[in-house]
Amino acid sequence: MKRKNQAFCHDRSFWMFVIPSLLLFGVFFLLPLGMSVWFSLTNYDGWKTMDFVGIKNYLDILTSGDFYKTLSRTIVYTVCNLPFKIAIPLLLAALVTSQSVKGTTIVRTLVYIPVLFSALVAGITINWMFGQEYGLVNFLLQKMGISPLEWSLNPVLATVVISVASNWISAGYYMLLYVGGINNISKELYEAASVDGAKKAQAFFQITLPLLMPTTFIVLLLSTVNLLKEYALVQGISLGGPGSSTTYIVQYIFDQGFNQSRYGYASAAGIVISILFIVIAMVQFKATKGGGEV
Amino acid sequence: MDGAAKRKLEVTLVTLLGMAVAFLMIFPIIWLCFSSFKPSSELFAYPLHLFPQNPDASSYAGVVEDGLFNYVKNSLFLAIVGTVITVVISAMCGYALAIYRKEITYVNKVFAVFLLGTLIPGEILTIAQFTVVSEMGLYNNIWGCILPVVTTTTGIFMYRQHYMSIPLELVESGRLDGASEFHIFRALMLPLGSSVTVTLTIFSFMWRWNDYILPLMVLSDQDNFTIQIAIKSYIGTMGVDWNSILAASILSIIPIIVIFIILQRYITGGLAASGVKG
Numbered sequence: 001m002k003r004k005n006q007a008f009c010h011d012r013s014f015w016m017f018v019i020p021s022l023l024l025f026g027v028f029f030l031l032p033l034g035m036s037v038w039f040s041l042t043n044y045d046g047w048k049t050m051d052f053v054g055i056k057n058y059l060d061i062l063t064s065g066d067f068y069k070t071l072s073r074t075i076v077y078t079v080c081n082l083p084f085k086i087a088i089p090l091l092l093a094a095l096v097t098s099q100s101v102k103g104t105t106i107v108r109t110l111v112y113i114p115v116l117f118s119a120l121v122a123g124i125t126i127n128w129m130f131g132q133e134y135g136l137v138n139f140l141l142q143k144m145g146i147s148p149l150e151w152s153l154n155p156v157l158a159t160v161v162i163s164v165a166s167n168w169i170s171a172g173y174y175m176l177l178y179v180g181g182i183n184n185i186s187k188e189l190y191e192a193a194s195v196d197g198a199k200k201a202q203a204f205f206q207i208t209l210p211l212l213m214p215t216t217f218i219v220l221l222l223s224t225v226n227l228l229k230e231y232a233l234v235q236g237i238s239l240g241g242p243g244s245s246t247t248y249i250v251q252y253i254f255d256q257g258f259n260q261s262r263y264g265y266a267s268a269a270g271i272v273i274s275i276l277f278i279v280i281a282m283v284q285f286k287a288t289k290g291g292g293e294v
Numbered sequence: 295m296d297g298a299a300k301r302k303l304e305v306t307l308v309t310l311l312g313m314a315v316a317f318l319m320i321f322p323i324i325w326l327c328f329s330s331f332k333p334s335s336e337l338f339a340y341p342l343h344l345f346p347q348n349p350d351a352s353s354y355a356g357v358v359e360d361g362l363f364n365y366v367k368n369s370l371f372l373a374i375v376g377t378v379i380t381v382v383i384s385a386m387c388g389y390a391l392a393i394y395r396k397e398i399t400y401v402n403k404v405f406a407v408f409l410l411g412t413l414i415p416g417e418i419l420t421i422a423q424f425t426v427v428s429e430m431g432l433y434n435n436i437w438g439c440i441l442p443v444v445t446t447t448t449g450i451f452m453y454r455q456h457y458m459s460i461p462l463e464l465v466e467s468g469r470l471d472g473a474s475e476f477h478i479f480r481a482l483m484l485p486l487g488s489s490v491t492v493t494l495t496i497f498s499f500m501w502r503w504n505d506y507i508l509p510l511m512v513l514s515d516q517d518n519f520t521i522q523i524a525i526k527s528y529i530g531t532m533g534v535d536w537n538s539i540l541a542a543s544i545l546s547i548i549p550i551i552v553i554f555i556i557l558q559r560y561i562t563g564g565l566a567a568s569g570v571k572g
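In order, the protein sequences belong to chains A and B. Per the numbering used here, the very first residue in the first sequence carries number 1; after that it's consecutive. Per the numbering used here, the very first residue in the second sequence carries number 295; after that it's consecutive.
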């Protein structure tokens, strides 16, 4: 009897500890999640109209050229950036863990500083370097006798500027993940390799790289998610332009919802995109055995 | 060339490379900073110089006049209040999920509910979150930017992991002494989680200071803007007010860089250990 009482008592304490988080999570995550599903089945305009329209929004999305264009643009942007998101931090990590470098702490610190910035300010900072008329990059190009580039008028170049900013703000973070991975590799492996006469480059490709696969996988997943939802950065650079050539999926959802008052349609687009994110999260969950490492 | 000299050359070259890379990474900030002290006549005139030829702080005076201190005050409120709530509720929740795991059968089910939060990025739910905030009467209210974001699965997860590694006997001994469950948490266990508390405090402060999407949607009155939204307001449809935006951007990153320099070992160390993500 006493046992049972105590167990009940623990039940109550447990809920006391958990309820603040659970309540806020319920109101601001689970409820909006349910509401998004509901909105997606209505023609809600964020104001008065909210009629049930069934799967009309989903049919609209599937037949909307804009949605496909934005989604494929977002995916192209993501895929093109992934190699850099892995290679740059990996090389930085190899550099700052090298025995041949003095002052690695200062290098690490400086490389990490852009990670602290808001995406908006990071975008603005890089945008300022790539200004079309009075930007430093164009000035240097002209000094070298190359004609200045139209960073904000050319869709490809605008995407390049956004990519530079995106890599700039994330490199330090992924570098640290790689540094952790490299520090976990046994030094004896390298000693053995050097006894066998392996060059440093050989050791890097045959020991470091394969043993860093788990870290690479995490970096790949994290950067995929972050690239797919790129938004604030773009607001500091191109606002989605020129035209809509740098408008990615999150901005598309916000434009449709807040600017065009199509909450229903925007919610449906959000639900469709969520499926993509859920798949990625599932892969990550499986790979890290319970979402543990990240 | 003998081995030692060769080694020395290698160290010099690779160190130079490291310094060059670090300089390249930090250079955009240096350029931003020097530019913020240039008057318009210098910002938009060739040839460009690294150092301002006639340094002046008029851009800074301008943003202060625009109400910068008020925006900083709003950002500080968001960051400090948000962080305090995040740390308190995450510690309580993570702690309970860890220490009642033997006594209560459904603990992992509750934990699984929170893991849902990692499935879908908040950006996707912003429209519905905004509707909830408006319905609660928190439109144009800084609390409308705080309450939706204070629950973080990352924070709960960090505390849970930490308290899983602490022997349950400690809790038992507290119970035998007749302490209440909450007292055990506050007086005995919370201090044991201080490493997590420090890491989460720093990261939460940074997340909230840099928050963008929700404040942009929720805050309509200029008086209520945070620093990020104030910066954004210098980007107009007709062009960018570069003088103001450069100065405001520099001012917005100073607090974060100061915190980073003071608490660096917690940030880079805690990050590598816990794998925090935004």
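Source of the hints: derived by calculation from the structure; they are not laboratory data. Fair warning: there could be bad hints in the mix.
[Unchecked claim] Simulated crosslink set (DSSO-like; lysine-lysine; CA at most 30 angstroms straight-line): (1) A/Lys48 x A/Lys102; (2) A/Lys187 x B/Lys300; (3) A/Lys199 x B/Lys403; (4) A/Lys69 x A/Lys56; (5) A/Lys102 x B/Lys396; (6) A/Lys199 x A/Lys102; (7) B/Lys300 x A/Lys286; (8) A/Lys199 x A/Lys187; (9) A/Lys199 x B/Lys302; (10) B/Lys302 x A/Lys187; (11) A/Lys200 x B/Lys403; (12) A/Lys200 x A/Lys187; (13) B/Lys403 x A/Lys286; (14) B/Lys302 x A/Lys102; (15) A/Lys102 x A/Lys200; (16) A/Lys200 x B/Lys396.
Next item on the list: Against the structure, test the hints numbered earlier, and report the numbers of the ones violated in rising order.
Entry: 1, 3, 5, 7, 11, 16
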